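Colleague: What follows is each chain in one-letter form.
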Amino acid sequence: MTVLNRPSRGTRPSLPVRTRAAVAAGNAAARASRAAGLGRGGIIGGRVSLALQPAALAHLCRDREVVLVTGTNGKSTTTCLLAAALRPFGGVACNASGANMPDGLVAALAASPTARYAALEVDENHLPAVLAETTPAAVVLLNLSRDQLDRTGEVRRTENVLRAAFAAGPSTMVIANCDDPLAASAAMAAANPVWLSAGNSWRGDSASCPRCGSAVREAFGGWRCFCGFARPEPAWVLDDGELVHRKGLRVRLAPALPGRANAGNLAFAAVAAASLGVPLDAAAAAAGAVDQVDGRYRVVGYRERRVRLLLAKNPAGWAETLRILAPGASPAVLAVNAREADGTDPSWLWDVAFGALRGRRIVASGDRAMDLSVRLSYAEVAHRVVPDPLAAVAALPPGPVELVGNYTAFRDAAARLAHAR
Amino acid sequence: MPGESAVRIGLLLPDLLGTYGDCGNAEILQRRLQWRGFPAAVIPITVDDEVADSLDLYVIGGGEDSAQSLAADFLARQPGFARAVGRGAPLLAVCAGLQVLGREFTTGHGRVRTGIGVLDLVTAPARDRAVGEIRTRPVPSLLTEALTGFENHQGHTTLGPAAQPLGRVEHGTGNGDGFDGAVQGRVVGTYLHGPALARNPELADLLLSWAVGTPLRPLEVPGLAELRRQRLSRPRRRR
Ligand SMILES: [Zn+2]
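So the protein sequences, as listed, match chains A and B. With UniProt numbering, you'll find the first sequence wraps up at 421, consecutive numbering, no jumps. With UniProt numbering, you'll find the second sequence wraps up at 239, consecutive numbering, no jumps.
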């Protein structure tokens, strides 16, 4: 794993006795769960600790420099990059496996009780609760867009909830993308916003103004609405691979991860690390070297195919992923499920511009291969259907293959490929 | 701009009511025309545009609660929209779109609002949110094949005498009284996402035949028959 620091031993002396006991019980439960083969054990341990000591999260964050990372897309990646940026300067507690609700946070903190830093991804709808418990050094807000259609957590409601949390919070620094109108609308409520212009490739959910409902327009110097809501002036700009502060500080970013969105994620990680007093160039270099995140972007061999694993969960994620598919005509397996963890309504497929795949050899796969097949047909993308993602890979000629899956499709295919080698 | 000969599909408020993939309905209509040799264009109409009364067919989708009120405000000040519906232009309205086109609906904040009134129906808040697969048996005078989709709403819709339901619910919730949707002249409303026309080509072709004025020859879309077979065999009868 490139992402996890060595687990530290011992418990922080500053923890109250009851919290220390709760953490020990949680860690024991996590070990038991792992020993029983029940996964990584993180969440169950966090749940045990929280049940025994509801203030465990607050206590475990005390006396550390904590950065919370939230947003719809890129949370795990940015958190992982931030942890890498900080690691040369001290221990880092990090929930890089995506357990991003309070129990997952507690588990990650408890697993590294003496780490000086904490880089924590937080589910956007749980951020207010976490903010109420903790006083992070900074919050990173990457973007806001639609995620799972069958949930009632609508993106505009999420924006409202975050806006209220930032307005209620003390002077927490919020590092936010000023190019995303919904993220900007929420972060504007913060007493101390730090604006980063990292670009925004997806405007599907912010075409109408989060403040008045009219159309948000492109204008000189960024988007604006006639109600006066407009793009804030950035302190940091990601410009052609260079991260530039308006007072002249600059650093060239060299992300090992592909695509524009990941360059933006790296910029956020570097700025967040710098906000903790770490040298910007060293932080950017350490984060830039990360080349996979919890299995994503990894290339694995499978029956003479070199399979690159890509995760795309929602329209914004697919838009970005279609852009980073290898140029040229390397074939691709697209795998879509609609299980509980994916959201059971795959209607979002119709908000993905699959037409960009015309001319490429495509296999539609996953539980919902037929929904995808019909979508591709109407986008005039010729394709085959092979519901099993590994069989779909094997149905393609030897050589490079892109395998793009949504959440459970990606997770299952990655696990099977890891064992198939 | 598409020539006068092209069939023009007005996609109403994709910026407000485009949350549940319903914009796909417009793309599907366009393709089904093009593949049969009719030039066709999708004309998106955003909150800052005016609704032209001259388009051949209109579609409006579902969205979040706040967007629904804005959509009602918008349509209420569009004489072009009223003229188009008045002359019998086909219109497909899904979910929040269906509610807005009724006589009355309740906003997310609990305020009762006047709708556009092109469908004789009122929508009140239901006790529970209806989320999941839905299958209906359509009115036989319009369609013969079962309708399938995904619903996600908290509206209880009651039809008045001028509207008839689109289908009888076999699985799912729909309007909340055993039926789904509404048909009134050439205005068709439904709670089905999926989007609706992706899984229900017969409904797409009904709207298109109204728009072009002739019956359309059958069309084979790769994957569609199998998708329908899977979706229609999946949910078991509950009621
Ligand atoms: Zn505005």
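Please note: incorrect hints may appear among the correct ones.
Example chain B residues on the side facing chain A (calculated, C-beta under 10 Å, incomplete) [said to hold, decoys possible]: (1) G18; (2) H109; (3) E145; (4) D177; (5) G178; (6) F179; (7) G194; (8) G223.
Some chain B residues flagged as far from chain A (calculated, every beta-carbon gap over 12 Å) [to be verified]: (9) R87; (10) G149; (11) N152; (12) H171; (13) L227.
Computed list of chain A residues with no C-beta within reach of chain B, every gap over 12 Å [what the hints assert, rightly or not]: (14) R31; (15) G169; (16) G355.
Note that these hints are calculated values from the structure, not bench results. Note that the structure is predicted; figures quoted are calculated from it, not measured. Here a beta-carbon is modelled for each residue, glycine too, at the ideal position from N, C-alpha and C.
Colleague: The structure should be examined with respect to each hint, and the outcome stated for every one.
Modeller: How the hints compare with the structure:
Interface restraint check for G18 (chain B): the shortest CB-CB distance to chain A comes to about 7 Å, inside 10 Å, so the restraint holds. With its C-beta approaching chain A no nearer than about 12 Å, H109 (chain B) sits outside the 10 Å limit, and its interface hint is violated. Checking E145 (chain B) against chain A: minimum C-beta separation of about 15 Å lies over 10 Å; hint violated. Interface hint status for D177 (chain B): violated, as the beta-carbon distance to the closest one in chain A is roughly 23 Å, over 10 Å.
With 10 Å as the threshold, the beta carbon of G178 (chain B) stays out of range of chain A, its nearest partner Cβ sitting at about 23 Å, so the hint is violated. Hint status for F179 (chain B): violated, given a least beta-carbon distance of 22 Å to chain A, over 10 Å. With a cut of 10 Å, the hint placing G194 (chain B) at the interface with chain A holds, because the nearest CB-to-CB distance is about 6 Å. The interface hint given for G223 (chain B) holds, since its Cβ lies 3 Å from the closest Cβ of chain A, which is under the 10 Å cut-off.
No Cβ of chain A comes within 12 Å of the Cβ of R87 (chain B); the nearest lies about 28 Å off, and the non-interface call holds. Under the 12 Å C-beta cut-off, the non-interface status given to G149 (chain B) relative to chain A is violated; the minimum distance is some 9 Å. Distance to chain A contradicts N152 (chain B) as a non-interface residue, since its nearest Cβ pair spans about 6 Å, not more than 12 Å. In this structure H171 (chain B) is separated from chain A by more than 12 Å, as the shortest Cβ-Cβ distance comes to about 14 Å.
L227 (chain B), annotated as away from the interface, has a beta carbon of chain A within 12 Å; the closest lies near 4 Å. No beta-carbon of chain B is positioned within 12 Å of the beta-carbon of R31 (chain A); the least distance is around 38 Å. Interface exclusion of G169 (chain A) from chain B stands, the closest Cβ pair being 24 Å apart, more than 12 Å. For G355 (chain A), the non-interface assignment is contradicted: its Cβ lies about 10 Å from the closest Cβ of chain B, within the 12 Å cut-off.
Going through the hint list in order, the structure does not satisfy hints 2, 3, 4, 5, 6, 10, 11, 13 and 16.
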